[in-house]
Amino acid sequence: MKNIVNIRRFLWGLLIFVFLLSFAIGRYPIDMETLIKVLLSKVFTIDKTWSDTVETIVFRVRLPRILAAMLVGGSLSLSGAVYQGMFKNPLVSPDILGVSAGAAFGAALAIFLSFNTVGIQISAFLFGILGVALVYLISIKVKEDPLISLVIIGILVGSIFTSLTSIIKYIADTEDKLPTITFWLMGSLSGILPKDVKRVFVPILVGIVPLYLLRWKLNVLSLDEDEAKTLGLDTGRTRIIVIICSTLMTAASVSISGVIGWIGLVIPHLGRILVGPDYRILVPITILLGSTYLLIIDNIARAFTTVEIPLGILTSLIGAPFFIFLLLNKGRSWNR
Amino acid sequence: MIKVKGLTCGYGDKTILKDVSFTGNSGDIICILGPNGSGKSTLIKTILGLLKPFEGQVLIDNEDIKNWNWRKRANKISYIPQSFSSTFQYKVKDIVLMGRNSYLRLISSPSKKDEQIAEEAMEKLKILHLKDKIYSQLSGGERQLVKIAQALAQQSEIIIMDEPTNNLDFSNQIVMLGYLKEWIREGVTVIMATHCPEHAFLYGTKALLVKDEKVVEIDNPKENLKEKKLRELYNVDLKIIEIDLKDKASKICIPVF
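So the sequence lines, in the order shown, correspond to chains A and B.
First residue of the first sequence: 1, per our numbering; consecutive thereafter.
First residue of the second sequence: 1, per our numbering; consecutive thereafter.
The reader is advised that the hints may include incorrect statements.
Among chain B residues calculated to face chain A with C-beta under 7 Å, some are [what the hints assert, rightly or not]: (1) T87; (2) M98; (3) S139.
What the hints contain is simulated information worked out from the structure, not anything from laboratory work.
All C-beta atoms in this analysis are idealised placements derived from N, C-alpha and C, irrespective of residue type, glycine included.
Bound-form chain A, shown alone (with noise of 0.2 Å):
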């Protein structure tokens, strides 16, 4: 238990520490005192000796990208999370169920259409949530174990949504929208504005407090299907609450955020290694790595290269390789 307490002091201070230095990074420099002074003056009345373009940069620019990695982040690895635990398999990560899918082809439509950037991410969340919504309303009409309907339907809507990506990148216009599509279907923060954040930040509460709220029935989801019914948990209803939970925070942080892989599968497992897979503990300290891995993931993105580097590269990249080394080292945090 002590040990569980300092795992989550030293993941706190970390968060902190990332968080204060991502104001740093970029193209801009800002030192350490005028960024805290910049910070609190929010709070505190504090005699103004920096720019206003420091002040437009640290509020207008960097805030809000990195309040999205963090939300993004955290909300890929929580939704991870769950879903290993209902399905009981350490595999599965967010977009098992389409979501992923269905608000790429949103987006995609999107700029097909040359809708502008909000009309992209309400497309990309609606068709997100639509791809989960017709998985789980086809699934209830299998009359098969309900966890493999869910699997099984999710990969065929998941691919069909492809398809329609793909149909929309073939007609789409090679010089300006492929581009874009393509872009965003790498995922990235770039361009991120207050208004953004903003928009995403309710669903994606709404998504998380219920979460949190049953985290410990969670560990009972986990279990055997006829075992949790019997320890009288009602899995049909609570996976309800679980996808559709899920389901919000995936697709507002995909509308913002494009596609990014990985980090619900790595980050779930690598929290299990560090507390164990009680949910009441690892809801939080899941959340905590996600937003703190993110959001380093991405101050490298920006940090590193003149030109962006896509997220979903990134976390692919520094993901898989780091996905093999904790099978090495720590061995697994699941059994079978």
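Following the hints, complete the assembly by docking chain B onto the known chain A.
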């Protein structure tokens, strides 16, 4: 009190058992005997509500449980399946604590009192030393004991077990069956499927013989479960031998060579 009335059950559209009726009172140990594939597990799953009955009712305290939710059912009945594990590496104490689930609302976590009840259950089964061990890495027998502790923490009046002694070594079988006697003294009803007719002789207050879509109820199997019935049930030649150990008399069942 649990009452099964005219239950017809099966999988999909295949009927496996027809018109099953029996009653379990507090203090009963009901042994379900029958060959492989005869429908013992189907009967158990239907009573638990994991399979929908085709016809008939399951009543608890004279109330049809058809529309009970899982929490209400779990408050009355606990279940120890034939095999179990978990995908993730939960500790033994976490698994036992999950026995408290039916007392907790969707958004609540176990309290100190729940933890204490779980601890007492582990103590009763003498597995307290395993509490920080990883459940899925234990031997089959140890896991079984953990599941039994979980069922104890559930504090239900009816405990249903599917071949509870399967994974247990000889001593743990005796220990485990000894607990049965303790539980029924506390007023619990036990329903268990078993492959061992001696369980019915030693512990059973009732036996249910399951074969060919039918269930035959036998009261006081020690007296009334005869060779002929068992021969028909298992379709093998066997002999029941009475043994008399001063104050204790029992019967054992051996094959005829």
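Hints versus structure:
Taken as an interface hint, B/T87 checks out: its beta carbon lies about 4 Å from the nearest beta carbon of chain A, inside 7 Å. The interface hint given for B/M98 holds, since its Cβ lies 5 Å from the closest Cβ of chain A, which is under the 7 Å cut-off. With a least beta-carbon distance of about 14 Å to chain A, the hint placing B/S139 at the interface is violated under the 7 Å criterion.
Against the hints set out earlier in the document, a violation occurs for number 3 only.
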